[in-house]
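Chains A, B and C, in that order, give the protein sequences. Take the first sequence: its letter number 221 is residue 221 in my numbering, and every next letter is one higher. Take the second sequence: its letter number 153 is residue 153 in my numbering, and every next letter is one higher. Take the third sequence: its letter number 315 is residue 315 in my numbering, and every next letter is one higher.
Worth flagging that the hints you see were computed from the coordinates, not collected in a lab. Predicted model only: the values in this text are computed from it and were never measured. Beta carbons: idealized from backbone N, C-alpha and C, even for Gly. The reader is advised that the hints may include incorrect statements.
Claimed, not checked - Derived pair list, reagent style DSSO-like, types lysine-lysine, alpha-carbon separation capped at 30 Å:
| no. | chain 1 | residue 1 | chain 2 | residue 2 |
| --- | --- | --- | --- | --- |
| 1 | B | Lys-122 | C | Lys-258 |
| 2 | B | Lys-279 | C | Lys-290 |
| 3 | B | Lys-248 | C | Lys-278 |
| 4 | B | Lys-17 | C | Lys-258 |
| 5 | B | Lys-248 | C | Lys-287 |
| 6 | C | Lys-287 | B | Lys-245 |
| 7 | B | Lys-122 | B | Lys-95 |
| 8 | B | Lys-17 | C | Lys-262 |
| 9 | B | Lys-245 | C | Lys-290 |
| 10 | C | Lys-278 | B | Lys-245 |
| 11 | B | Lys-29 | B | Lys-291 |
| 12 | C | Lys-290 | B | Lys-248 |
| 13 | C | Lys-278 | B | Lys-247 |
| 14 | B | Lys-122 | B | Lys-138 |
| 15 | B | Lys-247 | C | Lys-287 |
| 16 | B | Lys-279 | C | Lys-287 |
| 17 | B | Lys-95 | C | Lys-245 |
| 18 | C | Lys-278 | B | Lys-279 |
| 19 | A | Lys-536 | C | Lys-142 |
| 20 | B | Lys-248 | B | Lys-291 |
| 21 | A | Lys-460 | C | Lys-18 |
| 22 | B | Lys-247 | C | Lys-290 |
| 23 | B | Lys-95 | C | Lys-258 |
Said to hold, decoys possible - Partner residues aside, some chain B positions facing chain C, computed with beta carbon under 7 Å:
| no. | residue |
| --- | --- |
| 24 | Cys-10 |
| 25 | Ala-39 |
| 26 | Thr-41 |
| 27 | Gly-46 |
| 28 | Glu-52 |
| 29 | Asn-106 |
| 30 | Pro-170 |
| 31 | Cys-196 |
| 32 | Ile-201 |
| 33 | Ala-204 |
| 34 | Arg-205 |
| 35 | Gly-211 |
| 36 | Arg-280 |
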Amino acid sequence: MRAAIAAFDAGADVAMLSKLHPTRSHSGAAEGGINAALGNASEDDPESHAFDTVKGSDYLGDQDAIEVLCNEAPGDVYELENWGAVFSRTEDGRIAQRPFGAAGAPRTAYAADITGHVLVQVLYEQVVRREIRTYEEFFAWKLVVEDDRCQGVLAWDLLNGGLHAIGAKTVILATGGAGRLYVGTTNAYACTGDGMALAFRVGVPLKDMEMMQFHPTTLSPTGVLITEGCRGEGAHLLNADGERFLKRYAPNAMELASRDVISRAEQTEIDEGRGVDGNVLLDLRHLGAERILERLHGTRELSMVFAGVDPIHDPIPVRPGSHYHMGGVDTDMWGQTELTGLYAAGEVACISVHGANRLGGNALMETITFGRRAGAHAADWALGHTTVTVPEGVVSDAERELKVLLDRVEGERPWQIRDTLAQTMHENFGVFRREDQMLRQGEIVEALRERYEQVVVEDKGNVFNSDLTQALELGFLLELAACMVDSGLARKESRGAHARPHDYPDRDDENYLRHTLVTWDGDRPALDWRPVTMTKWQPQERTY
Amino acid sequence: MRRVAYYKGCLASLSAKELDISTRALAPKVGLELEELEAVTCCGAGDIHEAEPDYYLHLNARILAHGEATGADTLMTVCNVCTLNLRQANWQLQKDEALLERVNANLDAVGVPPYTGSIEVKHLLWLIAEGEGYELLKAAAHKGLKGLKIAPFYGCQILRPSKILGFEHPDRPWSLEAIIEACGGEPVDYPAKIKCCGFPIIQAREETALGELIQPIEQAYEAGADAMVTPCPLCHLSLDAWQSKLKKTTGRDFRMPILHLSQLIGVAAGFDESELLFKRHVVPVGPMLDKLQV
Amino acid sequence: MTEAAIHTEAQTMEVALKIWRFNSETGERELRRYEVEAPEWVTLLDVLDIIKDRVDGTLAYRKSCRMMICGSCGMRMDGAAVLACKTRMYELASAGQVPVISAMGNLPIIKDLVVDMQPFWDKFNAMKPYLQPGYVEPPDGKEHLISQERMNVIHKESLCINCGCCVSECNSMEADPDFLGPQALAKGMRFVGDPRDGAKIERLEAYNSEHGIWDCTRCYFCTERCPKGVDPRDAIAKLGAESIKEGIDRDMGAKHAKWFVKSTETTGWLRETELVPKTQGVVSAIKEMKFAMSLARRGKVPLPVPPHVAEEVGQARALRDIIAGQGRDGALGIVQGERALGRIEHTDSGGARRDAPEVTPGEEPVQRDIGEQPGAPS
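Could you build the full structure based on these sequences and the hints that come with them?
Right under this line is the structure:
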């Protein structure tokens, strides 16, 4: 939405295309806040924000992009507030900021614990104000490429049925992440990596695919997110012995260490038998009922509905769950991909500002700042070029392909493939990774892809055929899984969220201070590398 | 006998006097000693809550304070709207010390005793649907309602918002049915028994209101009810006094008698007309009484 | 991945549902029963997923976040709108109850549990749901300076996730499909109460239309059904309060409300007889003569003279005077907690003293086609 607004304001004829109504976007589930060096809670400046982000990324983030993010963030946040975002306030009426993981100063601007919801609402309001046309409940299935340019999108109309080609001089992908690759994810059902697969299939490289963040506080077994904001307000993590175990892993930052550090700590505690039914405990009791009701009421409700626990009285059982994909479509600082006319912004993109691990609060900021930049740049380019060509036959070719899928009556229903994929990714490509498990996972994914060739869509109708779109989503996930595993095998070090304690326990800056790139070579993923851009900061030992 | 502070509300004082009369006749039979509150006003209904909410809060705080001053632990209402309004104000005052302090300071300034938050507001319905009240009710209903099919109409504000009312499940209430059965009648079920009679907008948006009003009456009629019973005099007005308007809009003449809760029990307890005042109803109750098997 | 498929060691239970299937292409409509085995922790949404995956892939419903924030999965269970992802099935299933699942009300059905949300969004858009900045610029080009307390006025309204549960159950909208409705009006209040918005008066004028604020029947279904605690009825009341405070009170509903205030100050009790002419105007009151006579015959039109005056009614007047200067006028008078936000507990309503009977209500949901007036002669 931020990209669409920027494009519209630049004078372009812009339309949004979304498989969900825009306010259903999973950005609305973000809870804790959005990072910007506003300086409302303490002294702060963009350079500190940038350093924290660089360190948080375990030095894999591109520092020039990070500096852009941190410099432009405050202005973007003020703009959101001026548009009417309902932020929580400080005593003197300014936007309130809370401490968050791995941040040197409290810079996470928040709205109770529903910041994502508040931002999705304000963006949608601005979309409505501009009357930006939206192709709602249109499922993007392929990109239209002609003359080495991306010239549009081929989409399935979910409400009425039928394929449509929508021509456009530029296309911006803002389709989010792929948490649904895993069992126990904070992500919505909709987070199936669509944009990444779309780009990948037309030859655009994907970057740092192995970097999947596991959020330390998710509920079991669903994976429902319990915000980092709890720890920002002072909550403690305890093991079965009632110990604040982080003193053995991150003695300075404790519960506000970096997410990958905490997830690993939790997983270790659980694996070594100090967990409680496969979880650790997040204790909010000492915060008091009033504070919980005022700042964390969403969390309390989630905890009561999905874990049966009232955090005012009892600790919440939590464990690591897949949450955010640092990797994605390879872009520059303006959201441009290698394919002319194709842009990407937000979680689907990898610039990279998050490197090997993302700081809490930086994701929302990225969607705004780089969404704006991509929208502005794409509009500029579009306004400077006149032609759009959607080749004849694009729709009919796709219809033939779809017919093969829809006509099939003998075969397997998608759910078994989907569940097996998610379960095995969790087991073999989770918080801790090993060579043998990753190799096995690669084989498993191959086998699943073969099974997918025979998948059956039971609903043959036109109206609201989510059975079809869910089957197509599974296809996306399988390809992305292959990319992730290959990238993970290739990175022979531990960095950020990619932890290989058994075979490569240390960070190897000499050989691996670079991004993995994966491209489709017609048959299988092909790997390449690109060095990290450094401006101010040399890699140091990363402790919290 | 259980002593309760009795807040009868506007309608029971005026256009629905039959409600007050029948309630007073019923009270001793179900173990209730009524102490009527005099220095009170209208509870404000949804109207003052909407027009001047702070004033609504104070009017109700005054009623609660006077109720508390009688020494009773319960303030009894006979109207859905009064029940919601008083319970809502009570909830707000009981939960929020700072609010209570401000309101009490204002009450004190005009000569009203302070409210300490100790009284509970309950509709007559709740006092006799279970427990001792229910047992006494059964004993009192000696004449019974044999042969009568009675459709309970709850309306809205005795059930919702359930976080303020909370006596019974808002979608599956049972209290009126229990009372009908205790009186020897046969309760009739129909979906619209918990929907809105339209009264709050019957003047400002008559067409919309009548579109709502038709539903409970039509459904009760089609389910074979001989009469309807309601715990709210505002619903009673809609169902009874405005029933004739439905003839014009739908062409149907239901002639469905509508009884107040206390009247229904009064019939079962053998009250005579002076204690029931059916003559004040617009839709004649006679046909229902004729059906009553002795 | 449906979470229901993992954790094979979890305890499972039998769950049965009856779902109203509807195909707008063919017009076919059918109540179908489904029975599946599911882990004990499942929600209604999880059960629908199991059914769709393993039993009937044609079942259509919306879903996304499964954590009560996206608003996709609104549907009716036993005639009452809920979020499928918030509705745990354990108690129902253990009691052997078979709930009836149908699409939300007051909106046209596209397929099965999927409704056409366009009318919903149209009403939303009609509220001009975006900030219209006033003349006060924020200092230094940064943020507006506003206290938390002031922002709290619209806290509940800002929780709305546009799920449609309130609209589904709105009694007014059922009788008047053009009623703006609880969701749109709550969104309207979100702006009327936002100190940064400069269009308050225009908004209130617009919301005071025929199908606006005063069309609300106060059934409280919206407040009851809302899964997020928005309390749309309170939002509508706030709009009414602000309208009257700003002198926008031409609507009969406003006049009706103001007469209640006047009554309390003069006689204490409601001056019923005068209510009709005061609300509808004398001319209209005369047209109602025949109707009024039918009431008067029964004594239902109490004579205004001598007035029925409550004791010590002067206290009411005095109270109104005192509070006038206390800064809680208009919407600020609606209490959400003087200090912190006492967001009301949104648990299953307490106090159900008797078990629900073995009935599955909602077997035949009252679904009307748009435009079909309830009670119209068929």
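Comparing the hints with the structure gives:
Among the hinted pairs, Lys-122(B) with Lys-258(C) is consistent with the structure: their alpha-carbon atoms are about 28 Å apart, no more than 30 Å. Distance check on the hinted pair: Lys-279(B) and Lys-290(C) sit about 19 Å apart at the alpha-carbon level, within 30 Å; holds. Among the hinted pairs, Lys-248(B) with Lys-278(C) is consistent with the structure: their alpha-carbon atoms are about 24 Å apart, no more than 30 Å. Between Lys-17(B) and Lys-258(C), the direct Cα distance comes to roughly 24 Å. Compliance with the 30 Å bound is thereby established for this hinted pair.
For the hint linking Lys-248(B) to Lys-287(C), the alpha-carbon distance of about 15 Å falls within 30 Å, and the restraint holds. For the suggested pair Lys-287(C) and Lys-245(B), the alpha carbons sit about 13 Å apart, so the restraint of at most 30 Å is met. With a C-alpha separation of about 18 Å, the suggested pairing of Lys-122(B) with Lys-95(B) holds against the 30 Å cut-off. At most 30 Å may separate the alpha-carbon atoms for a hinted pair to count; Lys-17(B) and Lys-262(C) meet this at roughly 22 Å.
For the suggested pair Lys-245(B) and Lys-290(C), the alpha carbons sit about 11 Å apart, so the restraint of at most 30 Å is met. Pair hint Lys-278(C) plus Lys-245(B) holds up; C-alpha atoms about 21 Å apart against a cutoff of 30 Å. Restraint check for Lys-29(B) and Lys-291(B): satisfied, since their Cα atoms lie roughly 25 Å apart, inside the 30 Å limit. Simply put, Lys-290(C) and Lys-248(B) have alpha-carbon atoms about 13 Å apart, close enough for the 30 Å limit, and the pair holds.
Of the supplied pair hints, the one linking Lys-278(C) and Lys-247(B) holds, its CA atoms being roughly 26 Å apart against a limit of 30 Å. Between Lys-122(B) and Lys-138(B) the CA atoms are separated by roughly 20 Å; this keeps the pair inside 30 Å, and the hint holds. Straight-line distance between C-alpha atoms of Lys-247(B) and Lys-287(C) comes to about 17 Å, which keeps the hinted pair within the 30 Å bound. A C-alpha spacing of about 25 Å is found between Lys-279(B) and Lys-287(C), which places the hinted pair at or below 30 Å, so the restraint holds.
Distance hint between Lys-95(B) and Lys-245(C) is fulfilled; the C-alpha atoms sit about 27 Å from each other, no more than 30 Å. A distance of roughly 28 Å separates the Cα atoms of Lys-278(C) and Lys-279(B); the hinted pair therefore holds under the 30 Å criterion. Of the pairs offered as hints, the one joining Lys-536(A) and Lys-142(C) holds, with about 28 Å between alpha carbons and a cut-off of 30 Å not exceeded. Proximity of Lys-248(B) to Lys-291(B) is assessed by CA-CA distance (about 28 Å); at most 30 Å being required, the pair is judged to hold.
For the proposed pair Lys-460(A) and Lys-18(C), the alpha carbon gap of about 23 Å is at most 30 Å, so the pair holds. Of the pairs offered as hints, the one joining Lys-247(B) and Lys-290(C) holds, with about 14 Å between alpha carbons and a cut-off of 30 Å not exceeded. With a C-alpha separation of about 29 Å, the suggested pairing of Lys-95(B) with Lys-258(C) holds against the 30 Å cut-off. For Cys-10(B), the interface hint holds, since its Cβ comes within 7 Å of a Cβ in chain C; the closest pair sits about 4 Å apart.
Here the hint on Ala-39(B) is kept, as its CB sits about 4 Å from the closest CB of chain C, short of 7 Å. Hint status for Thr-41(B) relative to chain C: holds, with the closest Cβ pair at about 4 Å, below 7 Å. For Gly-46(B), the suggested interface contact is upheld, since its CB lies about 4 Å from the closest CB of chain C, less than 7 Å. At its closest, the beta carbon of Glu-52(B) sits 6 Å from a beta carbon of chain C; the interface hint therefore holds under the 7 Å criterion.
With a least beta-carbon distance of about 5 Å to chain C, the hint placing Asn-106(B) at the interface is held under the 7 Å criterion. A hinted interface residue such as Pro-170(B) counts as satisfied when its beta carbon comes closer than 7 Å to some beta carbon of chain C; here the least separation is about 6 Å, so the hint holds. Interface restraint check for Cys-196(B): the shortest CB-CB distance to chain C comes to about 4 Å, inside 7 Å, so the restraint holds. Given hint, Ile-201(B) at the interface with chain C, holds; its Cβ is 5 Å from that chain's nearest Cβ, closer than 7 Å.
With a least beta-carbon distance of about 4 Å to chain C, the hint placing Ala-204(B) at the interface is held under the 7 Å criterion. Against a cut-off of 7 Å between C-beta atoms, the interface hint on Arg-205(B) holds, since the closest Cβ of chain C lies about 5 Å away. Interface hint at Gly-211(B): satisfied, since its Cβ lies 3 Å from the closest Cβ of chain C, which is below the 7 Å cut-off. At its closest, the beta carbon of Arg-280(B) sits 5 Å from a beta carbon of chain C; the interface hint therefore holds under the 7 Å criterion.
Checked against the numbered hints above, the structure breaks none of them.
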